[in-house]
Every structure is written in structure tokens, then in C-alpha cells.
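S.K.: Sequence:
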Amino acid sequence: MILTGSNAINGTGNSGSNRITGNNANNVLNGSGGNDTLSGLSGNDTLIGGSGNDVLVGGGGNDSFKYATGAAFSNATLGIDTITDFQTANDKIVLSKKTFTALTSNVGFGFSKSSEFAVVANDAAAATSKAFIVYSQGTGNLFYNQNGSSAGFGTGAGFATLTNNSLLAAANFIIEA
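Heads up, the sequence shown is in our numbering, so the first residue is 8 and it goes up one at a time.
Rather than coming from a laboratory, the hints here were simulated on the basis of the structure.
Among the clues, some could well be false.
Beta-carbon label-pair distances, calculated as ranges [stated by the list, open to error]:
id	residue 1	residue 2	range
1	Asn-154	Asn-31	42 to 52 Å
2	Arg-26	Thr-76	15 to 25 Å
3	Thr-111	Asn-82	31 to 41 Å
4	Ala-134	Thr-84	13 to 23 Å
5	Ser-13	Thr-135	44 to 54 Å
6	Gly-77	Ser-119	17 to 27 Å
7	Gly-12	Lys-105	30 to 40 Å
8	Gly-77	Asn-154	17 to 27 Å
9	Thr-135	Asn-14	40 to 50 Å
Under the rule of at most 25 Å between Cα atoms (straight-line distance), these lysine-lysine pairs were calculated in the BS3-like manner [unchecked claim]:
id	residue 1	residue 2
10	Lys-104	Lys-137
11	Lys-104	Lys-120
12	Lys-120	Lys-105
13	Lys-105	Lys-137
14	Lys-137	Lys-99
15	Lys-99	Lys-120
16	Lys-120	Lys-137
Heads up, the beta-carbon is just placed ideally off N, CA and C, and yes, glycines get one too.
Model the full structure from these sequences, guided by the hints.
M.R.: Here it is as C-alpha cells:
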């Protein structure tokens with residue numbers, strides 16, 4: 008599906024593996040089920056991969072990559088998305104407290120509790136981190152560590168990989184109810 012014209016319109020996929028490309032306006036692209044490829048182009052876009060292992064390309068603009076299933080985190084449902092062009096100066100990763108239930112930070116920009124986000128050197132260090140959201144700088148993998156200080160991720164797991172070696176920080180997140 009390719010969104011045409013200059014108006015801000017949205018595109019929603021189905022349970023198949025969809026390719027949805029936005030136009031140059033502000034689009035909401037929702038892949039729903041399947042292993043989708045979503046490309047936002049130059050608007051301020053919101054990309055929601057949905058379930059499956061999706062490829063998310065924000066393009067230019069201030070883009071949001073949203074993770075909100077309406078239910079508690081399940082790696083089998085959410086999958087692991089690949090974000091190819093995250094720009095730390097402009098883009099945000101949006102996390103729903105309904106999905107990431109261990110988060111207690113206030114709704115808004117960043118983490119109001121600094122202990123809930125950590126950047127570590129590699130995936131092994133991510134598995135021993137006490138933070139709930141852990142970014143492995145060496146691999147670009149982003150993890151939900153549901154059980155905090157206990158070993159491993161509990162019912163959490165990886166949910167995204169940023170492939171462009173972004174220097175992710177707490178300010179790159181939005182927490183929503």
C-alpha cells in the first residue's frame with residue numbers, strides 16, 4: 008500500500024506481511040499482524056509494527072515508533088522490530104504502560120525514574136541489568152527486562168533492534184498510559 012497525495016492520511020495493514028509506504032505528510036502507519044515493512048517518508052510519522060517481526064523506516068521528520076498492544080508484554084505477540092534509521096535528535100520510541108507493565112515512570116517524555124532505563128555495552132550485560140528498559144549499545148538491541156533485578160528478563164525479551172548505531176538516551180522515549 009502506497010499512500011499518495013499531500014494530505015495526512017493513515018495506512019493500516021492486516022494479518023499478512025504488508026508493505027505500507029506513507030506520503031510526505033504526517034502519517035500513522037500500522038502494520039497490524041504479520042512481518043511488515045513500514046516506511047514513513049518525510050512527514051512526522053507514527054509507525055506501529057503490531058505483532059510480528061517488522062521493519063520500520065521513519066524517513067525524514069520527527070517520527071515515533073510506538074509499542075502498545077493493549078495487553079501485557081508478550082514477545083510472541085510483539086515480535087522484534089528492526090528500526091533502520093532512528094535519529095536521536097528527532098525521533099521517539101513510545102512505550103505504553105499497558106504493555107510494559109513494570110514501568111512506574113510518569114507519563115510523558117523520558118523516564119521520570121532514571122533507574123528504569125539503562126544503556127549497556129552488550130546483550131550479556133543487558134540480561135543482568137536492573138533497569139526495565141535496556142539498550143545494548145554494542146548490538147542495537149532494545150530489551151524489556153520485566154523482572155528488574157532478578158537474573159534474565161523474566162517474561163520480557165528483546166522487542167527492537169536499532170541498526171544505525173544510535174546513541175540512545177532516556178530522552179528518546181515517551182511513556183504513555
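S.K.: Run every hint past the structure and note whether it holds.
M.R.: Each hint tested on the structure:
1. The given range of 42 to 52 Å is respected by Asn-154 and Asn-31, whose C-beta atoms sit roughly 43 Å from each other.
2. For the pair Arg-26 and Thr-76, the beta carbons lie near 22 Å from each other, so the given range of 15 to 25 Å is met.
3. One distance hint, 31 to 41 Å for the beta-carbon pair Thr-111 and Asn-82, is violated here, with the actual separation near 21 Å.
4. Ala-134 and Thr-84 have their C-beta atoms about 21 Å apart, which keeps the hinted 13 to 23 Å range intact.
5. In this structure, Ser-13 and Thr-135 meet the distance hint of 44 to 54 Å, their C-beta atoms being roughly 50 Å apart.
6. Range check, Gly-77 to Ser-119: about 23 Å between beta-carbon atoms, so the 17 to 27 Å window is met.
7. The hinted window of 30 to 40 Å between Gly-12 and Lys-105 holds, with their beta carbons roughly 33 Å apart.
8. Between Gly-77 and Asn-154 the CB atoms are about 22 Å apart, so this pair conforms to the stated range of 17 to 27 Å.
9. Distance hint check: the CB atoms of Thr-135 and Asn-14 are about 49 Å apart, consistent with the given range 40 to 50 Å.
10. Between Lys-104 and Lys-137 the alpha-carbon distance is near 18 Å, which keeps this suggested pair within the 25 Å criterion.
11. In summary, the hint linking Lys-104 to Lys-120 is supported, as the alpha carbons are separated by about 14 Å, within the 25 Å threshold.
12. Between Lys-120 and Lys-105, the direct Cα distance comes to roughly 17 Å. Compliance with the 25 Å bound is thereby established for this hinted pair.
13. With a C-alpha separation of about 20 Å, the suggested pairing of Lys-105 with Lys-137 holds against the 25 Å cut-off.
14. For a cut-off of 25 Å, the pair hint linking Lys-137 to Lys-99 stands: about 23 Å separates their Cα positions.
15. Between the alpha carbons of Lys-99 and Lys-120 the distance comes to roughly 18 Å, so the proposed pair stays at or under 25 Å and holds.
16. A threshold of 25 Å between alpha carbons decides the hint, and for Lys-120 with Lys-137 the separation of about 13 Å falls inside it, so the pair holds.
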